[in-house]
Amino acid sequence: MLTVTDLSKSFISPDGERVEIVNVPAFALAADEQLALRGESGSGKTTFLNLIAGILAADTGRVTIEGAEMTALSEPRRDRLRAEKLGYIFQSFNLLQGYTVLENVVLGMSFGPRGADRAHAREMLERVGLGHRLDHFPGQLSSGQQQRVAVARALVNRPKLVLADEPTGNLDRKHAHESLVLIGEVCREHGAALLLVSHNEETLGHFQQRRDFAEINKGSAALQPAPKISGAP
Amino acid sequence: MTLPLIIYRSLRQHALSTIITAGSIALACGLLMCVWMVKTQSQTAFTQTTTGFDAVLGARGSKLQLVLNAIFHLEASAGNLAYADYEAIKRHPAVKAAIPIAVGDNLRGYRLVGTLPELFQQVEYTPGRKFALQTGGKIFRADAREAVVGAFAAERLRLNVGSRFRPFHGLAFDPKSEHTDDYVVSGILAQTNTPADRVIWIPLHGIQTMSGHDPKAATDVSAVLVQLRTPSAGFMLDLMYNKQGTRLTLAYPVGAIIAELFNKISWFDQVLTLVAYLVALVAAASVLTSIYNSMSARGRDLAILRALGAQRRTIFGAVVAEAACIGVLGAIAGYAVYFALFAGVAGVIRSQTGVVLNVLARHPVLWICPVAMIALCALGGIVPAFKAYRTPVAETLAPVS
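Those protein sequence lines, which keep their order, are chains V and L.
Numbering of the first sequence is given in our numbering, commencing with residue 1 and proceeding in unit increments.
Numbering of the second sequence is given in our numbering, commencing with residue 1 and proceeding in unit increments.
Just so you know, these hints were derived from the structure itself, not from any lab.
Quick caveat, the model's predicted, so the values are computed rather than measured.
Built from N, CA and C at the ideal position, the CB exists for glycine as well.
Some hints here could point you the wrong way.
[Claimed, not checked] Not everything, but these chain V residues come out facing chain L in the computed CB check (under 10 Å):
| # | residue |
| --- | --- |
| 1 | Thr47 |
| 2 | Ala72 |
| 3 | Pro76 |
| 4 | Tyr99 |
| 5 | Glu103 |
| 6 | Gly112 |
| 7 | Ala116 |
| 8 | His120 |
| 9 | Arg153 |
[Unchecked claim] Covered by chain L, according to a simulated footprint, are these stretches of chain V (three or more residues, beta-carbon under 8 Å):
| # | region |
| --- | --- |
| 10 | 51-62 |
| 11 | 87-97 |
[Stated by the list, open to error] Computed footprint of chain V on chain L; a stretch qualifies when at least three of its residues, placed anywhere within it, have a C-beta under 8 Å from a C-beta of chain V:
| # | region |
| --- | --- |
| 12 | 10-22 |
| 13 | 310-316 |
The following block holds chain V by itself, in its conformation from the complex (with noise of 0.2 Å):
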């Protein structure tokens, strides 16, 4: 399904300094298998994410997501292909602000071959519980509700991977059990593979599969306390 072959990304740091953040030189992931990566902040989790969805180009190395290698594409269709195949959940939602629920959902599949489909993106809705607040704004929903609304809209698309960049981050306890549940259970229903980052330990407790992100990174900066590094996420 997810394939990373010698992944590597490097950023100038403050001090003119090349640091690598991303080094991996092999790791895969099956079809419907949910693994969780734990690391630290700044241990480069967010860039390997991004450099897995194709948002963040890498410096060398290969990512293939079903056949398809992501990195010798050109941007274009990496873009088509992030919309066909990926969903991203984002720590801190990264819900369109000015758009109702339904809009946002709608989104997450105008990009993609199947286009836009209220329907279907109303059914999702639903189906995380949201079907009452459609027409509302993402500033009119508590922090449990966004985090269900990001949910859906990464999965409307039908996505064979799914990212999850510390999905709970921004949750209390109750909405994080809450959304780390649904999350597998919407994987589990749509035959999506799962990967999740997070450095919270009880995030990481949910899931059976579980790495330490240091044993798949090489990077230097993956050996040294979280760097400030300028332009890195």
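Starting from the structure of chain V, add chain L where the hints point.
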């Protein structure tokens, strides 16, 4: 559906700047269309307004003043000419018809013009159209104190058939200079959309013998309106009166003399047009700056859209289309500005000259200007669109701590 949604939401999110920017575009668009339409329509209307006459004979002086006074009922008379001069030109074989007029009195600012009943019976004020009276009216008798009132003047002065009035001396209204002569309205003219609509017509003899007027000038006329048998006759009379003679002036051809006036004041509409162009440029620049400035605030939204799979060119297109949409809103509102401005200007021109401009007239500028404005706005959107195009997704989406 996606692109319209993105544009709609962005316009909604920045509603205030959208409204202000669209407003400035509306102003520019409306002003441009108005300047253009007033210029072209008034030029056409004034140069074609001859009220059926080819030339005007008057005292020695400016041809333009003669035409403005005798045809448009504006300006003061350049002086009088003897009744014998009227009779002489009337008898000239090249002249088809000659109608004398006399001015010098008003009714609350609307001119009284003395003339002969033949003006209403014989003259076509525009090809195929003679003066007509509204129901119940009749033309004044040459020897009676009766008046035929132009449609606009009757409406403004609230005069009807049978109404009585006393004229005031002079061309400007002065309540202290009322004449003692009583006149009765015998008829109201049907609207002609010419300067005749603003005039109160009375018998020539009435003006000449009005109480308080100089008895020595009792047979003089202010001007003679002339219809020629052939156009070449005008040049012959021009030679006779203007080049060989020294006492009188023949203004011929009437349309060309008014066209000269427009040439003289062409600098004015050039200035207006320049102002309108500048307003248009400022409006386009405001589209650029308002969208450009909003880009910092919208960077995250654009990065989210990119993360959802939107391509750079989609984002670029959305921003340009948004700028064009602001242009469309401005252009639509520009029509409202145009109609309001044009109606105001046309109202002033009608009340001052009797010439009617058509607010609903069609002209290519009425679509060229809005389309050009929309294109200019889209052009203004290119710079911010390029900024949007270059939005770094991963950096912009980094969690804000």
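For this session: So, Gly112(V) near chain L? Judge it on the closest CB pair being under 10 Å.
Result: With a closest approach of 6 Å, the Gly112(V) hint holds.
For this session: Return the status of the interface hint for Arg153(V): holds when the least beta-carbon distance to chain L is below 10 Å, violated otherwise.
Result: holds, 8 Å
For this session: Using 10 Å as the Cβ threshold, decide whether Glu103(V) counts as touching chain L.
Result: holds, 6 Å
Exercise. If you take the shortest Cβ to Cβ gap from Thr47(V) to chain L, is it below 10 Å?
Worked result: Hint holds; Thr47(V) Cβ to chain L Cβ min 8 Å, cut 10 Å.
For this session: Using Cβ atoms only, decide whether His120(V) comes closer than 10 Å to chain L, and label the hint accordingly.
Result: Violated. Min distance 14 Å.
Exercise. Would you say the region 51-62 of chain V counts as covered by chain L, given the rule of at least 3 residues with C-beta under 8 Å?
Worked result: holds (count 3)
Exercise. Does the region 87-97 of chain V contain three or more residues whose Cβ lies closer than 8 Å to a Cβ of chain L?
Worked result: That given contact holds, which follows from 8 residues of the region 87-97 of chain V lying within Cβ reach (below 8 Å) of chain L.
Problem set entry | Supplied contact hint for Ala116(V), tested at 10 Å Cβ to chain L | This hint holds: Ala116(V) lies near chain L, its Cβ roughly 5 Å from the closest one there, short of 10 Å.
For this session: Please verify that hint: Tyr99(V), Cβ, nearest Cβ of chain L, below 10 Å or not.
Result: holds, 5 Å
For this session: Quick one: see if chain V covers the region 10-22 of chain L, three-plus residues with Cβ-Cβ under 8 Å.
Result: holds (count 3)
Problem set entry | 8 Å C-beta test of the region 310-316 of chain L against chain V, three or more residues | holds (count 5)
Problem set entry | Minimum beta-carbon distance criterion (10 Å), Pro76(V) to chain L | Nearest chain L Cβ about 5 Å off; hint holds.
Checked against the numbered hints given earlier, the structure breaks hints 2 and 8 and satisfies all the rest.
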